[in-house]
Amino acid sequence: MLVIGFGNPLRGDDGLGHVAAQRLEDILRDSRVEIILAHQLMPEMSEPISRAGLVIFIDASASDPPGHVACTEIEPATNSSIRETHELGPSQLLGLARNLFGRCARGVLFSVGTNDFELREGLSPQAAAGVDEVVKRAGALAQDFPGATKDL
Amino acid sequence: MPREITIEPVTRIEGHGKITLKLDDGGNVTDAMFHVTQFRGFEKFCEGRPLTEMPSLMARTCGICPVSHLIAASKACDALLAVRIPPAADKLRRVLNLAQMMQSHALSFFHLSSPDFLLGMDSDPSKRNIFGVLAERPELARDGVRLRQIGQTIIELLAGKRIHPAWTVPGGVNEPLAGEKRDRIVAMLPDALAIAQRTLHWFKNTMGRFTDEARSFGNFPTLFMGLVDAQGTWEHYDGFLRMCDAQGKTVEDKVAPEKYQDIIGEAVESFSYMKFPYYKALGYPEGIYRVGPLARLNVCQRMGTTLADQELAEFRPLQGGAVLSSFHYHWARLIEIIATIERIEQHMADPDILSKHVRSRARPNCNEGVGVSEAPRGTLIHHYRIDDNGLMTWANLVIATGHNNLAMNRGVLQVAQRFVEGRKLQEGMLNRCEAIIRCYDPCLSCATHAVGRMPLRVQLLSPSGEVIDEQRRD
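In order, the protein sequences belong to chains C and L. For the first sequence, numbering that gives the first Met the number 0 assigns the number 151 to the last residue and increments by one with no breaks. For the second sequence, numbering that gives the first Met the number 0 assigns the number 473 to the last residue and increments by one with no breaks.
Derived from the structure by calculation, the hints contain no laboratory data. We put the beta carbon where it would ideally sit given N, CA and C, even for glycine. There's no promise every hint is true.
[To be verified] Beyond 10 Å from chain L on every Cβ pair, some chain C residues (computed):
no.	residue
1	Leu27
2	Pro64
3	Glu72
4	Leu118
5	Ser123
[To be verified] Quick list of simulated restraints, FRET-style, between CB atoms:
no.	chain 1	residue 1	chain 2	residue 2	range
6	C	Asp63	L	Lys279	57 to 63 Å
7	L	Gln470	C	Thr77	48 to 54 Å
8	L	Lys43	C	Gly138	45 to 51 Å
9	L	Glu46	C	Glu120	19 to 25 Å
10	C	Gly138	L	Thr51	34 to 40 Å
Put together the whole structure using the sequences plus the hints.
Next comes the structure, spelled out in structure tokens:
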């Protein structure tokens with residue numbers, strides 16, 4: 000299983016992905032779980048995604064109300080919708096894993112709504128509460144996942 | 000009839016820049032400029048900071064090249080402390096720098112430039128990217144992703160994280176290498192080498208489609224500069240500065256890095272935020288020189304490892320004397336990837352790499368220190384001054400990409416004059432103007448630092464975009 004927490008930890012709540020991923024690492028303590036902390040999603044992540052059964056993405060969302068936690072099942076994007084690495088989202092990354100390596104993990108995105116992206120470290124109270132919920136729900140998901148990749 | 004063509008932004012490079020082409024009434028290019036349009040200010044805002052902060056602070060110059068700045072900054076701080084770092088720390092820093100070179104060269108070749116080689120300079124720009132490569136030749140895209148991942152994983156295993164790691168410090172590194180991590184690094188190297196060799200094989204077979212580009216992409220005589228060791232072998236972390244001319248003859252040799260100002264001057268131009276370094280003995284702009292993979296292969300007598308030396312023997316005779324065409328930066332880059340892998344393997348086989356003694360400690364003992372290393376893009380110089388309390392009073396950064404500024408500008412003019420027809424403008428012509436810049440694999444975020452007082456215009460805008468106030472300095 001792979002957990003990818005992404006965002007900029009020096010921009011307020013944009014760092015919540017890192018916080019949540021690190022807390023999941025402490026809770027799960029499973030050698031089969033790999034944690035990746037990153038500023039942004041990169042093509043190089045497609046290789047570990049191709050080896051995983053489940054990948055959990057965790058990110059802040061500027062388009063949701065502050066504190067709102069969303070859990071979305073991610074489908075791999077097709078070739079034609081992948082345009083550039085600066086806009087590589089979870090769906091495009093799953094698509095890249097499938098196209099490059101022939102295999103693709105099940106993908107789930109947990110996002111926490113916020114409008115706090117100030118130049119500072121640390122989370123707002125609403126983001127912190129959202130992280131608590133993400134950790135609880137992602138942890139439960141991790142305990143239950145079937146473990147099979149989508150082989151093609 | 001256009002008199003001026005602007006290419007903005009220059010795509011598939013790191014950072015922000017634009018190209019201006021000036022044309023005469025006949026539609027022929029008469030002048031070209033490469034403008035670097037971003038400004039960073041690191042040399043100024045580090046003043047007053049403790050020297051111990053400098054490696055981590057300077058690493059924030061860039062997200063692609065943080066390791067390069069960590070290394071050069073740490074070396075400058077070593078000089079301020081007047082310490083000799085433990086041998087194991089020297090080796091570990093070298094491995095970090097080699098991994099950085101591997102992953103950065105992989106990014107440049109596979110992600111930024113291979114779309115041109117595989118799909119063609121005139122291909123559909125919407126597909127001329129790494130995803131177009133994926134569609135056309137997935138194994139090439141996969142190799143690029145994997146090779147970059149290997150380099151980044153080595154950095155992470157050594158330093159704790161891939162971007163902005165805080166591992167290299169004044170006096171050495173802050174944690175030794177564990178045996179388990181050493182074994183993981185070693186396990187990845189065969190895969191990396193296989194990728195590098197088959198990519199070089201593919202590229203050499205592809206070169207025939209680009210003979211026109213190889214003839215006209217920055218193909219002119221300049222000096223070349225890079226680090227070599229005392230025996231003239233390719234170096235990346237330490238050694239001496241060497242310059243050679245277009246015939247391959249050495250014009251400066253065994254220059255101690257801290258004496259860089261004896262041979263290098265810096266100029267500014269009003270159309271760019273990037274400085275223009277030049278070879279002092281020839282003045283500006285006649286003292287044009289190049290750095291980076293092409294330069295390093297030109298100035299060294301050997302690579303110092305078996306496979307890389309075999310490739311160097313094939314590369315050297317390309318043009319007789321020094322290899323001049325900037326198109327051959329790509330070839331040189333691939334040879335350097337092989338060299339990095341061979342050298343990492345050698346270091347990992349050294350039992351001393353696991354030593355626990357990885358840091359020397361001291362208080363500041365000198366008020367001036369210079370750190371020089373080879374970043375993937377070329378020679379990187381960090382020059383610091385501190386007060387007696389160890390606080391920064393002054394910094395000068397001469398960045399790899401900056402050394403190539405004169406050559407990039409001249410290269411854009413050469414390419415534009417060869418390929419751009421103002422009366423019959425086509426996208427592929429303009430892509431070639433960008434592609435010459437890509438040969439140098441510039442990092443413009445790293446390269447924009449100041450000398451003297453630049454012309455500046457600052458506008459204060461309201462939230463609605465109205466200009467509230469303006470200050471100018473001409």
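Structure-based check of each hint:
With 10 Å as the threshold on Cβ separation, the claim that Leu27(C) sits away from chain L holds: the shortest Cβ distance comes to roughly 20 Å. The claim that Pro64(C) lies off the interface holds: its Cβ sits roughly 23 Å from the closest Cβ of chain L, which is beyond the 10 Å cut-off. With a least CB separation of 24 Å from chain L, Glu72(C) remains clear of the 10 Å interface cut-off, as annotated. The Cβ of Leu118(C) lies farther than 10 Å from every Cβ of chain L, with a closest approach of about 13 Å, so its non-interface assignment holds.
No beta-carbon of chain L comes within 10 Å of the beta-carbon of Ser123(C); the shortest separation is about 23 Å. The hinted range of 57 to 63 Å is satisfied by Asp63(C) and Lys279(L), whose Cβ atoms lie roughly 58 Å apart. At roughly 50 Å, the beta-carbon separation of Gln470(L) and Thr77(C) lies within the given 48 to 54 Å, and the hint holds. The supplied range of 45 to 51 Å is met by Lys43(L) and Gly138(C), whose beta-carbon atoms lie about 47 Å from each other.
Between Glu46(L) and Glu120(C) the Cβ separation comes to about 24 Å, which falls inside the hinted range of 19 to 25 Å. Hint check: Gly138(C) to Thr51(L), Cβ distance near 39 Å, so the stated range 34 to 40 Å holds.
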